[in-house]
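So the chains spell out like this:
2 protein chains.
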Amino acid sequence: MFTSKPIGFVSSPYKSAGEVPKGLGAKHVAEGVLKILPEFEPGLKDIEGFSHLMVIWEFDRSQGFELLGTPPCDNRQHGVFATRSPRRPNPIAVTTVELRRREGSNLHVGGVDMLDGTPILDIKPYLSSIPEEKLRRGWLAEAEARKS
Amino acid sequence: MFTSKPIGFVSSPYKSAGEVPKGLGAKHVAEGVLKILPEFEPGLKDIEGFSHLMVIWEFDRSQGFELLGTPPCDNRQHGVFATRSPRRPNPIAVTTVELRRREGSNLHVGGVDMLDGTPILDIKPYLSSIPEEKLRRGWLAEAEARKS
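These protein sequence lines map, in sequence, to chains A and B. Each residue of the first sequence is one higher than the one before, starting from 1 at the first, in the numbering used here. Each residue of the second sequence is one higher than the one before, starting from 149 at the first, in the numbering used here.
Everything labelled a hint here was simulated from the structure, so no lab data went into it. Each hint should be verified, as a subset may be incorrect.
[To be verified] Only pairs whose alpha carbons sit at most 30 Å apart, straight line, appear in this in silico DSSO-like list of lysine-lysine: (1) A/K15 - B/K183; (2) B/K183 - A/K35; (3) B/K193 - B/K153; (4) B/K175 - A/K35; (5) B/K163 - B/K175; (6) B/K282 - A/K134; (7) A/K35 - A/K45; (8) A/K45 - B/K193; (9) A/K15 - A/K134; (10) B/K193 - A/K27; (11) A/K15 - A/K5; (12) A/K27 - B/K295; (13) B/K295 - B/K170; (14) A/K27 - B/K170; (15) B/K193 - B/K170; (16) B/K170 - B/K282; (17) A/K147 - A/K27; (18) B/K153 - A/K5; (19) A/K22 - B/K193; (20) A/K22 - B/K163; (21) B/K282 - B/K295; (22) B/K183 - A/K45; (23) A/K45 - A/K22; (24) B/K170 - B/K153; (25) A/K5 - B/K295; (26) B/K183 - A/K5; (27) A/K45 - A/K5; (28) B/K175 - A/K45; (29) A/K35 - B/K295; (30) A/K27 - B/K163.
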């Protein structure tokens, strides 16, 4: 197995978890900057061509894990692997952001839901999308239906 | 930072990297099983409701990283963060699979591109999709255009 190491850090308007929009229909529209460490800058070559990036980051302010939990958007318990809970066996998060522009080793992006200072583990081009008509969203769709 | 630990292992028809379809237009249609370790099975509660899962796994047969590389589908060099190369600073991979059925702690899925025995780090429900008309795919679209 491996020990994670940051390739950079997120600059985000959110200073604490309570500020990040959560729950049903939460929109992540905040602007932020992925500040990649200078030593990794060559790895960004040609990234400007992609409209969306998959950012893999670490829940560095989360302790331990919980296999069952009640997400903020529901009042029922679900398995951690059926949710986006931060308390996971491996504290790894994935967020798709929209790349606005690159300035050297700084990537200006829209759609951040990370806290300020969050360590970035990896960036990949976002390529595929599952057509909406083929997507089932389980308990989340049910919770949405109950709410409306 | 954290040290990765497997929550399970992939059972896949692919025994070596050469067998995994690669390059432009490669389709991942292979069937496989995500064998989750019994201790993590409670974390799968309600996962059956999702049609697609994001599997986060480890490139465990890859050594070191390379900031610039030439992918199998192109003859030009690109930055590692603009490709899906296995030789990354953190050897983390993400694959979206289609969940066929669950049998206890075994998830039968379609669309695997992992090698047999690959350690699984995390599973998340696949929720969002970027509309095709909003997606730009950079050098990959260019390589496809040159090929056709």
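Quick rundown of the hints versus the structure:
1. A/K15 - B/K183: This hinted pair is violated, its Cα atoms lying about 38 Å apart.
2. B/K183 - A/K35: violated (36 Å)
3. B/K193 - B/K153: With a Cα-Cα distance of about 20 Å, the restraint between B/K193 and B/K153 holds, given a limit of 30 Å.
4. B/K175 - A/K35: Roughly 34 Å separates the two Cα atoms, so the pair is violated.
5. B/K163 - B/K175: holds (17 Å)
6. B/K282 - A/K134: Given pair B/K282, A/K134 holds - Cα atoms ~19 Å apart, limit 30 Å.
7. A/K35 - A/K45: Holds: A/K35 and A/K45 sit about 15 Å apart, inside 30 Å.
8. A/K45 - B/K193: Roughly 41 Å separates the two Cα atoms, so the pair is violated.
9. A/K15 - A/K134: Violated, at roughly 37 Å.
10. B/K193 - A/K27: holds (26 Å)
11. A/K15 - A/K5: holds (22 Å)
12. A/K27 - B/K295: violated (38 Å)
13. B/K295 - B/K170: The given pair, whose Cα atoms are some 15 Å apart, holds under the 30 Å limit.
14. A/K27 - B/K170: violated (35 Å)
15. B/K193 - B/K170: violated (34 Å)
16. B/K170 - B/K282: Between B/K170 and B/K282 the Cα gap is close to 25 Å, so the pair holds against 30 Å.
17. A/K147 - A/K27: holds (17 Å)
18. B/K153 - A/K5: At roughly 15 Å apart (the allowed maximum being 30 Å), A/K5 and B/K153 satisfy the hint.
19. A/K22 - B/K193: holds (21 Å)
20. A/K22 - B/K163: Violated, at roughly 41 Å.
21. B/K282 - B/K295: holds (23 Å)
22. B/K183 - A/K45: Not satisfied, since the Cα-Cα distance of roughly 37 Å exceeds 30 Å.
23. A/K45 - A/K22: The hint is violated at about 34 Å.
24. B/K170 - B/K153: holds (27 Å)
25. A/K5 - B/K295: Violated, because 37 Å separates the two Cα atoms, which is more than 30 Å.
26. B/K183 - A/K5: Cα-Cα ~27 Å, so holds.
27. A/K45 - A/K5: holds (20 Å)
28. B/K175 - A/K45: Measuring from Cα to Cα gives roughly 26 Å; hence the hint holds.
29. A/K35 - B/K295: violated (34 Å)
30. A/K27 - B/K163: violated (41 Å)
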